[in-house]
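2 protein chains.
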Amino acid sequence: MKAITVNLQSTSNRLQPQTLPTPEPAAGELLIQVHAAAVNRTDIMTRDGLSGYATNPILGVEIAGVVEKANGTSRFSPGDRVMGLVNGGGYAEYAVIPADRAIPIPEDYSFEQAAAVPEVFLTAYQTLYWLGRLQPNESVLIHAGASGVGTAAIQLAKKLSGAQVIVTAGSAEKLDFCRELGADVLIDYKKQSFDQEVLQATNGQGVDLILDFVGADYWDKNLASVKKEGRWVVIGILGGGEVEKVNLLALMTKCVQLTATVLAPRSNEYKARLTADFVRDVMPHMEQGEIKPIIDIVFPLEQALEAQQHMEENRNIGKIILKVAEQE
Amino acid sequence: MKAITVNLQSTSNRLQPQTLPTPEPAAGELLIQVHAAAVNRTDIMTRDGLSGYATNPILGVEIAGVVEKANGTSRFSPGDRVMGLVNGGGYAEYAVIPADRAIPIPEDYSFEQAAAVPEVFLTAYQTLYWLGRLQPNESVLIHAGASGVGTAAIQLAKKLSGAQVIVTAGSAEKLDFCRELGADVLIDYKKQSFDQEVLQATNGQGVDLILDFVGADYWDKNLASVKKEGRWVVIGILGGGEVEKVNLLALMTKCVQLTATVLAPRSNEYKARLTADFVRDVMPHMEQGEIKPIIDIVFPLEQALEAQQHMEENRNIGKIILKVAEQE
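Sequence lines, in order, name chains A and B. The first sequence runs contiguously to residue 331 in the working numbering. The second sequence runs contiguously to residue 331 in the working numbering.
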């Protein structure tokens, strides 16, 4: 099968198309004929040797496709359309996935739409609810509101929790899109000081929860924006991974809970539990069309590098999809 | 009544004995004749103008005494012996306490023993269980094992959870005492590199939970000592409040949950809920003598400054108590 692997030795193009054997599903796993995969920042970091999210030489952490073979599991049968998180191996014609992590694709979804679901919606669900413990009608500050996780988080926070959703983004076009998804307060971080806007929108209290994709550059302003006893979840370091001078006393007197997280390196058992909760709480809303995956652009699998560059240039609103060509 | 207040203007002795009116309990509060109070680092920080934990001009966040008057509550009656957290006002002959935060004193406890319970045991309980979510048989690293919170946390982690308890302290005497309380692994931080010892004691995995009283000085070693997906609760900054460089990517790839907390500024409602859970889970063990308050030394209330200095010199094993002289 065709697959995209990483060649850390290359200085020009580290993404290497290869022909590799079709993987064999272990007990409890499904073999999936992949119709679409999607691009994530964790792929880019792995490509650049900054983190290794999996032992799998093939990139890609999420897929949508059709069950080809089920090994020792009756959860799914050949022919079923499923989407879900994989431990690497997504940028390929075939991939294996633990059956307890596969999610049935809603009937009216294309494979491209389905591939736009797993990583960003599971991450948004995990960070808002498992880690961020968002309660009904609380306030949440979502940075990078037009990103894949951002567009998912806006919808979840509104539809599941009626939250006051405050977003930052870097253009009027992106902010307009966030508003369409339900965001209440729109902040252009290039023109406004977001902590002042957040305090103004929350009667000087700050937000109950921050989803932080930015890290170092926003550290002090995030600290100023979070409410006393608030939660702050760091899920990206677009603005740098090293914070200079962290004031622990300020964190203590605000009683802040800071959780730093990446989904990809979590355990199989964790991902299975997360998937189960997600299917229970979110999939009914997807099936009814109240919550929807947001696709920015679709590239053919062979243009994986271009697809990643599109993300690196922050040009996307929503997900960047890799379409796998029809096989035989 | 006699009370100890803070005079931030004084350069020699900021603790000022004063004669003040006996406070009036509001609805839902009790007036307590205080028999003993205890010293906490938050008192010292307030004395030094580094944080103001309460609007009360009188120092002190915990008391033990006898109910003198109950206003609009039938939870307790005059004559009842109670202990608990107060919003300032503990270093005095009388203090008011919300009735939902008062805890009946076990029959065989002296008032000095009772005053050694609330702040450290509630903090240990809160940080181990509410914030740290310690699970049965997990591992926990407790810095400052011989401190007030340390001695409480060792006992709770062993008796309630059968945890593997790893402690650090700065002398053989303190470590011996920690062993008597149940600690499994004893690390002299002056002679040993604690992160190496922790990794050795946990098969290279690190601990599930860290109770960190030290802050900046231990930052990198704590990060090295915490297990993947572990929890890290910052409850003190004995080793500095400003971390020079925080590596967010390392926190993310380890999926660490960091919670910074001080108990004193938490809300009344929070303290009431915490007290209720504590009474349910811990007091039966105290009544049976399986878990016990640890007193280092008792000072008369008039020597509050000496008592605080004793703490500042890290000379104590367990709690430093202020005894209020018998009244008329």
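Don't read these hints as lab results, they were simulated from the structure. Warning: the hint list may mix true and false statements.
Note: identical chains are not told apart, hence a pair may lie in one copy or across any two.
Unchecked claim - No more than 35 angstroms apart at the CA atoms, straight line, and that leaves these computed lysine-lysine pairs for DSBU-like:
| hint | residue 1 | residue 2 |
| --- | --- | --- |
| 1 | 193 | 295 |
| 2 | 231 | 162 |
| 3 | 248 | 224 |
| 4 | 5 | 224 |
| 5 | 231 | 5 |
| 6 | 193 | 5 |
| 7 | 224 | 326 |
| 8 | 72 | 231 |
| 9 | 231 | 161 |
| 10 | 5 | 326 |
| 11 | 224 | 194 |
| 12 | 231 | 248 |
| 13 | 72 | 193 |
| 14 | 248 | 194 |
| 15 | 72 | 248 |
| 16 | 72 | 224 |
| 17 | 5 | 162 |
| 18 | 248 | 295 |
| 19 | 295 | 231 |
| 20 | 5 | 161 |
| 21 | 326 | 248 |
Here is what the structure says about each hint:
Taking the shortest alpha-carbon separations for residue 193 and residue 295, only the intra-copy value of 28 angstroms comes in at or below 35 angstroms, while the best inter-copy value is 57 angstroms. In this homomeric assembly, residue 231 and residue 162 come within 35 angstroms of each other (Cα to Cα) both inside a single copy, at 25 angstroms, and across copies, at 32 angstroms. With identical chains, the CA atoms of residue 248 and residue 224 are at most 35 angstroms apart both within one copy (13 angstroms) and between copies (17 angstroms). Proximity of residue 5 to residue 224 under the C-alpha cut-off of 35 angstroms is found in neither arrangement, the shortest distances being 46 angstroms within a copy and 44 angstroms between copies.
Proximity of residue 231 to residue 5 under the C-alpha cut-off of 35 angstroms is restricted to the inter-copy arrangement: shortest distance 34 angstroms between copies versus 52 angstroms within a copy. Proximity of residue 193 and residue 5 under a CA criterion of 35 angstroms is satisfied in neither setting, with 42 angstroms inside one chain copy and 57 angstroms between copies. Within a single copy, residue 224 and residue 326 get their C-alpha atoms no closer than 39 angstroms, and across copies no closer than 45 angstroms, so neither meets the 35 angstroms cut-off. Taking CA atoms no more than 35 angstroms apart as the test, residue 72 paired with residue 231 passes between copies only; the shortest distance there is 33 angstroms, against 51 angstroms inside one copy.
In the homo-oligomer, the alpha carbons of residue 231 and residue 161 lie at most 35 angstroms apart both inside one protomer (22 angstroms) and across protomers (31 angstroms), since each shortest distance falls under that limit. For the homomeric pair residue 5 and residue 326, the shortest alpha-carbon distance inside one copy (13 angstroms) is at most 35 angstroms, but the shortest distance between copies (78 angstroms) is not. In this assembly of identical chains, residue 224 and residue 194 lie within 35 angstroms of each other by CA distance solely inside one copy; the values are 15 angstroms within and 40 angstroms between copies. Taking the shortest alpha-carbon separations for residue 231 and residue 248, both the intra-copy value of 20 angstroms and the inter-copy value of 24 angstroms come in at or below 35 angstroms.
Taking the shortest Cα distances, residue 72 and residue 193 never come within 35 angstroms of each other, neither inside one copy (50 angstroms) nor across copies (59 angstroms). Proximity of residue 248 and residue 194 under a CA criterion of 35 angstroms is satisfied in both settings, with 25 angstroms inside one chain copy and 28 angstroms between copies. For the homomeric pair residue 72 and residue 248, neither the shortest alpha-carbon distance inside one copy (52 angstroms) nor that between copies (49 angstroms) is at most 35 angstroms. Taking the shortest alpha-carbon separations for residue 72 and residue 224, neither the intra-copy value of 50 angstroms nor the inter-copy value of 47 angstroms comes in at or below 35 angstroms.
Taking identical chains as interchangeable, the C-alpha atoms of residue 5 and residue 162 are never at most 35 angstroms apart, the minima being 39 angstroms within one chain and 57 angstroms between chains. Proximity of residue 248 to residue 295 under the C-alpha cut-off of 35 angstroms is found in neither arrangement, the shortest distances being 39 angstroms within a copy and 39 angstroms between copies. In the homo-oligomer, the alpha carbons of residue 295 and residue 231 lie at most 35 angstroms apart both inside one protomer (33 angstroms) and across protomers (33 angstroms), since each shortest distance falls under that limit. Taking the shortest Cα distances, residue 5 and residue 161 never come within 35 angstroms of each other, neither inside one copy (40 angstroms) nor across copies (54 angstroms).
With identical chains, the CA atoms of residue 326 and residue 248 are never at most 35 angstroms apart, being 43 angstroms at best within one copy and 41 angstroms at best between copies.
When the structure is compared with the earlier hints, violations turn up for hints 4, 6, 7, 13, 15, 16, 17, 18, 20 and 21 and for no others.
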